[in-house]
Amino acid sequence: MGTVIKAENLSKAYQLGEIGTGTISRDLERWWAKVRGKEDPFMRIGETNDRSIRGTSDIVWSLKDINFDVQQGDAVGIIGRNGAGKSTLLKILSRVTAPTTGSIKIKGRVASLLEVGTGFHPELSGRENIYLNGSILGMRKAEIKKHFDAIVDFSGVERYIDTPVKRYSSGMYVRLAFAVAAHLESEILVVDEVLAVGDAEFQKKCLGKMNDVSKGEGRTVLFVSHNMTAIRNLCRNSLLLNNGIIALNDVTEVIVDQYHKSYTPNLKILNTNTQRTGSGEVIFLGLDIVDQYGIKHPYVTTGDDLYFRFLIDVKSHSKDIDIGFSVHDDQDTMHSVLYSSFQGRTYDLSPGVHTILFKFEGNYLSNRIYHIRGLIKVRSQISDHPQDPLAELVVEPGNFYPNQHHGHQTSKLTFLIKGNWI
Amino acid sequence: MTEEEHWDLEIKPEGNLLDLKLRDVWHYRDLLFLMVRRDFVSFYKQTVLGPLWFFIQPLFTTLIYTFIFGNLAAIPTDGLPQPLFYLAGITAWNYFADCLTKTSSVFTTNAGLFGKVYFPRLIVPLSIVVSNLIRFAVQMLLFFMMMSIYWFKGATFHPNGYLFLFPFLLLVMAMLGLGLGMIISALTTKYRDLSFLITFGIQLMMYLTTVIYPLSVVKEKYPAYVWLVSYNPMTSVIEAFRYGFLGQGTFTLLSLGITTLFTTLILLAGIIIFNRVERTFIDTV
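Protein chains in written order, with the working numbering: chain A, 3 to 424; chain B, 131 to 415.
Only chain A is shown next, with the shape it has when bound in the complex (with noise of 0.2 Å):
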């Protein structure tokens, strides 16, 4: 059991902004720095990757001094917000860029998935896909071909693995491709989310067979995900990287507590210049919808516990202060209305801004796009309603049912029953 992964003094610069005019005379005089020995003009040192704050210099660090080792056999996570430098992290890893500063040196070849289906051509059939996107990968002919049946009863294809694989559909598309990866022989296996793609049975497929791979034949797998559970299953340790730079390098568990604590809320503000009506005492600044970590997402599914984050902003001490929020579908027809006064529950705020959170149990609404609107009574007053909604939110299928069942399909319901069949 060795180092089969040893990161040193690992460092990225990219460019911001526009390149185009001006790069040869750029050019010029940064190789006419580098004749005389002196230092880059265009890449000086000590500026960290923000993006929320205005750097001086065109240059930025998506990585910087990035130090750590990987042992063989281990499945490590790589856990980060975006832009915290993960891809650029795999990109230099899977040779896809050269790193603009230090070293990675590695024992045993590598296969890189930062995405499944790289170099599928549509016109070729299932069977000349896998040996060409295999060969891609680094398989020589010779392997794809002891492989080739594993390879298409991992996929499940067998029966469409002599048509073009323009005529498959989305799934088998990704099925073949995950397939023809998880067979590569390689020592070291770097897997960016491409485990987002494919249905529930598939991921687990696909997450089952990287477990396989690291723990029965002892080969290295780094593993990029937002999937939490998909890291905690998979990788002992983890890496959880902030700007650049390695934030933490501990057991899983640890980062992913570390990854929660560390998440700000990027909350959707309300629109200041919104028609709104009331006394004004105390007014919503904003909604956000997130899952049990804090999470956003672009949408939630069905059966899932909600979040919601009311962001208030009280301008005198109030007292009685009472929440509401109705709920529309996209033709803005209101199906249904809650007050936190209808649970018994009003507010007492000094001033400022306040987070008031709401759990939304098992999400029983149905799949289609919600718009949530906003009330705030004070001492039965109203104090602040916006014209527009605070919130859209989308619901796809999800848990609702047990065994994945996604309910009756159709977008018209508004929400899903269910009950006890004695």
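Derived by calculation from the structure, the hints in this document are not laboratory data.
Treat the hints with care, as some may be off.
[What the hints assert, rightly or not] Pairs of lysine-lysine residues, derived as PhoX-like cross-links and limited to a Cα-Cα distance of at most 25 Å, are as follows:
| # | chain 1 | residue 1 | chain 2 | residue 2 |
| --- | --- | --- | --- | --- |
| 1 | B | K151 | A | K143 |
| 2 | A | K36 | B | K142 |
| 3 | B | K142 | A | K109 |
| 4 | A | K8 | B | K151 |
| 5 | A | K8 | B | K142 |
| 6 | A | K168 | A | K147 |
Following the hints, position chain B against chain A.
Showing chain B alone in chain A's frame:
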């Protein structure tokens, strides 16, 4: 852990300049042939006439050249039947020009693929050169057909021993197209302007090559400018090609030797530049 640990791979900012990574290319040789196959199959599938297109283009170009340069401008053709003279030039030139243009856009057309997976990028230009070979073979068939037609009509041309230079000439054309193409492709990742220049530049270069006129005419009429044409490495290739198959052409083994040397240098420079750009082009493309 010992100091002298063995690592299979070291990912560094800058690789060794002279490391051509040919061993890597060898390892991926299966991919090369699968890519050629892919190009060929996908070319077929989207057309009605299929490989007939390979015939149509040189045939019509020959007709037009015969009419304009042969009849209207009356440029002599070393005493050879005009269509045969032009077709020889066009067939050889097309192979070179196709290799060059296609190779020169390798990075921009394959950005999606290159951005997702590593394999020696050299495979793609190589596959282009090999794919074009199929097209070239079909066009050579046209050329042989034309030759036999004229042979039976009793035209005078004399294929000779220099015909055996043909595989070598083909190699030189492929290497030159590949080398120049790779240099340009490396530059186009940053300076997109070059991709506009390339189609236009190739046309200009064709007129500086002995495609529509023989070298002997330039020597005779414009001795002051003959260097412009004879320094062009493609000139001696096409002249030798014509000499071998048709018995007319002006070339020396020395000029061919110089061309070969120049081509080798271009190819070497092409591979070095290409390998260098390959490492980070995805950041700028």
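Hey, K8 (chain A) versus K142 (chain B), does the alpha-carbon distance stay inside 25 Å? holds, 12 Å
Within a Cα-Cα threshold of 25 Å, do K8 (chain A) and K151 (chain B) meet the stated pairing? holds, 23 Å
Satisfaction of hint between K109 (chain A) and K142 (chain B), Cα-Cα up to 25 Å: holds, 15 Å
Restraint status (C-alpha distance of K168 (chain A) to K147 (chain A) at most 25 Å): holds, 23 Å
Hinted pair K151 (chain B) and K143 (chain A), Cα distance within 25 Å: Given that 25 Å is the threshold and the Cα spacing comes to 20 Å, the pair holds.
Please work out if K36 (chain A) and K142 (chain B) have their alpha carbons no farther apart than 25 Å. holds, 18 Å
Going down the numbered hints, you'll see the structure goes against none, and every one checks out.
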